[in-house]
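Chains as they are written, first to last, in the working numbering: chain A, 1 to 134; chain B, 1 to 101; chain C, 1 to 119.
Any given hint might turn out to be false.
[Unchecked claim] Distance condition first, Cα-Cα at most 27 angstroms in a straight line; then the derived DSSO-like pairs of lysine-lysine:
no., chain 1, residue 1, chain 2, residue 2
1, C, Lys48, A, Lys5
2, A, Lys46, A, Lys131
3, C, Lys48, B, Lys52
4, C, Lys65, B, Lys33
5, A, Lys5, B, Lys61
6, A, Lys120, B, Lys61
7, B, Lys52, C, Lys65
8, A, Lys5, C, Lys65
9, B, Lys94, B, Lys52
10, C, Lys65, B, Lys61
11, B, Lys94, B, Lys33
12, B, Lys33, A, Lys131
13, A, Lys5, B, Lys52
14, A, Lys131, B, Lys61
[To be verified] Cβ pair distances, simulated, as ranges:
no., chain 1, residue 1, chain 2, residue 2, range
15, B, Asp63, C, Ser21, 20 to 30 angstroms
16, A, Val62, C, Gly78, 17 to 27 angstroms
17, A, Thr54, C, Leu27, 22 to 32 angstroms
None of these hints come from the bench; they were simulated from the model.
Note that the coordinates shown come from a computational prediction; the quantities given were computed from them, not determined experimentally.
Cβ coordinates follow ideal geometry from the N, Cα and C atoms, glycine included.
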Amino acid sequence: MSQDKLFRALDISASGLHAQWVRMQVVANNVANADTTQTPEGGPYKRRQVVFSTLMDGLNGVDVAGVVPSGGAPRMVYNPGHPDADAEGYVAMPDVQMPLEMVDMVTASRAYQANLVAMKNFRAICEETLKLLR
Amino acid sequence: MQPLPISPNGPQPLPGPTTGVRPGHAAGGADFKQMLDGYMDQVNHLQVQADKAVVDLAAGKMDNLHQVVAAVNEADLSFRLMMEIRNKLLDAYKEIMHMQV
Amino acid sequence: MGLLNVDLVLGLLNAEERNYSVIANNLANVDTPGYRTMRVRFSDELSKLVDGRGELLPGRSVQTKVWRPMFGDASLDGNDVTLEREITELNKNQLRMRFYLGVLDGRIRRLRSAIQGRS
């Protein structure tokens, strides 16, 4: 019943909503940990980003392929009094840059809303079609 | 007066004209009856198609809504048109029966 | 033509109502650890339940069963309910119900017009 293709546009939009939702959570996590110097793996928090994927053959919406480290180097900040300062007094801080995260958050929200509009619109069109049965 | 028989098996053909038909007009009367029978077959056929489309949609075999809605509408409208034709025919019949000869 | 061939449509409406309850249950358990999304599906393939005219075969009815799709994106605690999925399913459920109700409506109207002799 749920796996049929009749209202596939809804599934496609739903996958878009989910993808942007995950993206927003990743951004929130980056922002929350912008100053985190301690992690169980050792070292400061590493900025993460979300990776999306899809199958080009057909209309398959979007999948969250993974949440991966961006691979940036930590920012070395001079702060000798900090508990995690090294021998020279530098602390390794996360490679999170606030302006970039804010832009990402806004982009993700807009994308989320766009998916929402697509979903609502499709639903409304279907209801209009169904009115023909009256 | 006999109303148009509609049985659970589908609409039955109208009773054909039985009186006062001159040989020269018999062919015209038969054509009219055939036309009505043909039309009723078509109404039946459209209804069957609409019912099948409903099942297909429920079973997940349709990939859009408008085709099914169009099929249901077509069946519906052709049925209503048939009812109107029937009503008009009955009205005409009543008028004829009331005519002073 | 079946004038009031509603058994099939009523069966389909019942199936959608059951799906609706299941969706509500999923939403209620969105935070329950280990809870897996449930869905309703037809026990038999619909094409096997109907004759060539699309009407229910005698003695057959629309049966449903509950199953767990086991989506692959469960969180660490084993729960795989997401709001987007459930809201999507809800939308589809409501659209299908509206469709079946529209078909039912048309059939009742047709029967009424046939009985009255005038539409």
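*Given the hinted pair Lys120 of chain A and Lys61 of chain B, is their alpha-carbon gap at most 27 angstroms?*
holds, 24 angstroms
Problem set entry | Given hint Lys33 of chain B paired with Lys65 of chain C - CA-CA distance at most 27 angstroms | Status violated; Cα separation ~50 angstroms.
Checklist entry - Regarding the pair Lys52 of chain B and Lys65 of chain C, is the alpha-carbon distance no greater than 27 angstroms? => result At roughly 23 angstroms apart (the allowed maximum being 27 angstroms), Lys65 of chain C and Lys52 of chain B satisfy the hint.
Legend entry - Pair hint Lys48 of chain C and Lys5 of chain A, alpha-carbon separation not exceeding 27 angstroms: holds, 20 angstroms
| task | Compare the distance between the alpha carbons of Lys33 of chain B and Lys131 of chain A with 27 angstroms, and conclude whether the hinted pair is satisfied. | result | violated, 36 angstroms
Given the hinted pair Lys5 of chain A and Lys65 of chain C, is their alpha-carbon gap at most 27 angstroms?
Cα-Cα ~20 angstroms, so holds.
Outcome of range test on Cβ distance (Val62 of chain A, Gly78 of chain C; 17 to 27 angstroms): holds, 24 angstroms
Self-check item: Satisfaction of the hinted span 20 to 30 angstroms by the C-beta atoms belonging to Asp63 of chain B and Ser21 of chain C
Solution: The hint (20 to 30 angstroms, Cβ to Cβ) holds, given that Asp63 of chain B and Ser21 of chain C are roughly 27 angstroms apart.
- Lys131 of chain A and Lys61 of chain B: Cα distance at most 27 angstroms? This hinted pair holds, its Cα atoms lying about 22 angstroms apart.
Indicate whether the distance between the beta carbons of Thr54 of chain A and Leu27 of chain C respects the range 22 to 32 angstroms. holds, 27 angstroms
| message | So if I understand the rule, the pair passes when the alpha-carbon distance is 27 angstroms or less; does Lys94 of chain B with Lys33 of chain B pass? | response | holds, 18 angstroms
Q: Starting from Lys5 of chain A, check that the Cα of Lys61 of chain B is at most 27 angstroms away, please.
A: Roughly 8 angstroms between the alpha carbons, so the hint for Lys5 of chain A and Lys61 of chain B holds.
This entry does not satisfy hints 2, 4, 9, 12, going by the numbered hints stated previously.
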